[in-house]
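Novice: Add chain B to chain A, keeping to what the hints say.
These protein sequences, in sequence, are chains A and B.
Just so we're aligned: the first sequence equals residues 1 to 116 in my numbering.
Just so we're aligned: the second sequence equals residues 1 to 113 in my numbering.
Don't read these hints as lab results, they were simulated from the structure.
Do not take every clue at face value.
Said to hold, decoys possible - Below 35 Å or equal to it, Euclidean Cα-Cα: the simulated DSBU-like pairs (lysine-lysine) are:
#  : chain 1 : residue 1 : chain 2 : residue 2
1  : B       : Lys112    : A       : Lys55
2  : A       : Lys66     : A       : Lys14
3  : A       : Lys14     : A       : Lys64
4  : A       : Lys41     : B       : Lys100
5  : B       : Lys73     : B       : Lys55
6  : A       : Lys41     : B       : Lys70
7  : A       : Lys66     : A       : Lys41
8  : B       : Lys78     : A       : Lys41
9  : A       : Lys64     : B       : Lys73
10 : B       : Lys100    : A       : Lys64
11 : A       : Lys55     : B       : Lys100
12 : B       : Lys100    : B       : Lys78
13 : B       : Lys78     : B       : Lys55
14 : A       : Lys14     : B       : Lys55
15 : B       : Lys100    : B       : Lys55
16 : A       : Lys66     : A       : Lys20
17 : A       : Lys66     : B       : Lys100
18 : B       : Lys73     : B       : Lys100
19 : B       : Lys70     : B       : Lys100
20 : B       : Lys112    : A       : Lys41
21 : A       : Lys20     : B       : Lys100
22 : B       : Lys78     : B       : Lys112
23 : A       : Lys20     : A       : Lys55
24 : A       : Lys64     : A       : Lys20
25 : A       : Lys41     : A       : Lys14
26 : B       : Lys73     : A       : Lys41
27 : A       : Lys55     : A       : Lys41
28 : B       : Lys55     : B       : Lys70
29 : B       : Lys70     : B       : Lys112
30 : A       : Lys66     : A       : Lys55
31 : A       : Lys20     : A       : Lys41
32 : A       : Lys55     : A       : Lys14
33 : B       : Lys55     : A       : Lys41
34 : A       : Lys41     : A       : Lys64
35 : B       : Lys73     : B       : Lys112
Said to hold, decoys possible - Covered by chain A, per the in silico footprint, the following chain B stretches (three or more residues, Cβ under 8 Å):
#  : region
36 : 45-51
37 : 75-88
Note that the structure is a prediction, hence the values are computed from the model and not measured.
For glycine and all other residues, C-beta sits at the position ideal for the given N, C-alpha and C.
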Amino acid sequence: GAVVSQHPSWVICKSGTSVKIECRSLDFQATTMFWYRQFPKQSLMLMATSNEGSKATYEQGVEKDKFLINHASLTLSTLTVTSAHPEDSSFYICSARGEQGNTEAFFGQGTRLTVV
Amino acid sequence: AQTVTQSQPEMSVQEAETVTLSCTYDTSESDYYLFWYKQPPSRQMILVIRQEAYKQQNATENRFSVNFQKAAKSFSLKISDSQLGDAAMYFCAHNTNAGKSTFGDGTTLTVKP
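Chain B with its partners taken away, still in its complex shape:
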């Protein structure tokens, strides 16, 4: 079984600053995928970034990057140059090869102007 833990229920960042959201996981899979999703008030799940566990290089998507520490089972998300539109709930997720997702409890991010 897989578990995903997000230890920060709420985070706050000043506009244009950088914030890091934490995520740790536990898995019995040897091959898996990790994702960060954004869920705005509309509740549509939006993929922010993905990381294949077999890749050592940290994934990057524009202002979003991850710090993937496989041995420590840690997968944090860094948002640089935070924008007002980044305010949302962020979920860390573990995917098995079959595509089955296990989600963390989420972190609500507030961006202050």
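If we strip away everything but chain A, and leave its shape as in the complex, we get:
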């Protein structure tokens, strides 16, 4: 299957700082990427959908000014958590979908963010 790489795997940052998470499709062009948040022992909650070259579509309740998403190329999307607070600590997962008509999305390995 297709490979999606997420970086970093884990990060610790100080409260008030910003942190960037990268999601790369290594062997296919990702027209659409999705960002999820997962709390321990809970389900994945979709945060936003990003399409290459256009603005991300955020789910209800997700602050777009806090969670900045950029999908500048067909192989890279980034999620920047701005002015991070301890309540932003969570597991963030991206997935990427390839060409039109292929509905299977491939997942990155996730990023564990801890804000201290």
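Specialist: Chain B in isolation, oriented as in the chain A frame:
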């Protein structure tokens, strides 16, 4: 909007036995896809099996098979000959044609030796 319900927060099975994980869903889509994912402690999401809603035949992947009842909006996963490595959290997911996934709350599967 789509919803996915997994009514079994935890399940347990004896090694080599068979276990069935339940999933029901609701959707406004006429064409959609259903998936089962496995999430081990590493938290990497691993695709177990997929089913296209327009296909009547139940999908099968080695020891994993589904019972897809479209009218009832039910999509259960059967694991045969359970192995210790099957222990994980399992998520049922509904995908729209645009690839947007809605996940159930998950079922934690324990495999007893």
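Novice: Hint by hint, note whether the structure agrees.
Specialist: Do the hints match the structure? See the list:
no. : hint                  : in the structure
1   : B:Lys112 with A:Lys55 : violated, 48 Å
2   : A:Lys66 with A:Lys14  : holds, 15 Å
3   : A:Lys14 with A:Lys64  : holds, 21 Å
4   : A:Lys41 with B:Lys100 : holds, 21 Å
5   : B:Lys73 with B:Lys55  : holds, 14 Å
6   : A:Lys41 with B:Lys70  : holds, 29 Å
7   : A:Lys66 with A:Lys41  : holds, 24 Å
8   : B:Lys78 with A:Lys41  : holds, 22 Å
9   : A:Lys64 with B:Lys73  : holds, 34 Å
10  : B:Lys100 with A:Lys64 : holds, 18 Å
11  : A:Lys55 with B:Lys100 : holds, 16 Å
12  : B:Lys100 with B:Lys78 : holds, 25 Å
13  : B:Lys78 with B:Lys55  : holds, 18 Å
14  : A:Lys14 with B:Lys55  : violated, 50 Å
15  : B:Lys100 with B:Lys55 : holds, 20 Å
16  : A:Lys66 with A:Lys20  : holds, 12 Å
17  : A:Lys66 with B:Lys100 : holds, 22 Å
18  : B:Lys73 with B:Lys100 : holds, 18 Å
19  : B:Lys70 with B:Lys100 : holds, 20 Å
20  : B:Lys112 with A:Lys41 : holds, 20 Å
21  : A:Lys20 with B:Lys100 : holds, 23 Å
22  : B:Lys78 with B:Lys112 : holds, 17 Å
23  : A:Lys20 with A:Lys55  : holds, 17 Å
24  : A:Lys64 with A:Lys20  : holds, 14 Å
25  : A:Lys41 with A:Lys14  : holds, 25 Å
26  : B:Lys73 with A:Lys41  : holds, 25 Å
27  : A:Lys55 with A:Lys41  : holds, 31 Å
28  : B:Lys55 with B:Lys70  : holds, 10 Å
29  : B:Lys70 with B:Lys112 : holds, 32 Å
30  : A:Lys66 with A:Lys55  : holds, 15 Å
31  : A:Lys20 with A:Lys41  : holds, 24 Å
32  : A:Lys55 with A:Lys14  : holds, 28 Å
33  : B:Lys55 with A:Lys41  : holds, 32 Å
34  : A:Lys41 with A:Lys64  : holds, 25 Å
35  : B:Lys73 with B:Lys112 : holds, 31 Å
36  : 45-51                 : holds (count 3)
37  : 75-88                 : violated (count 0)
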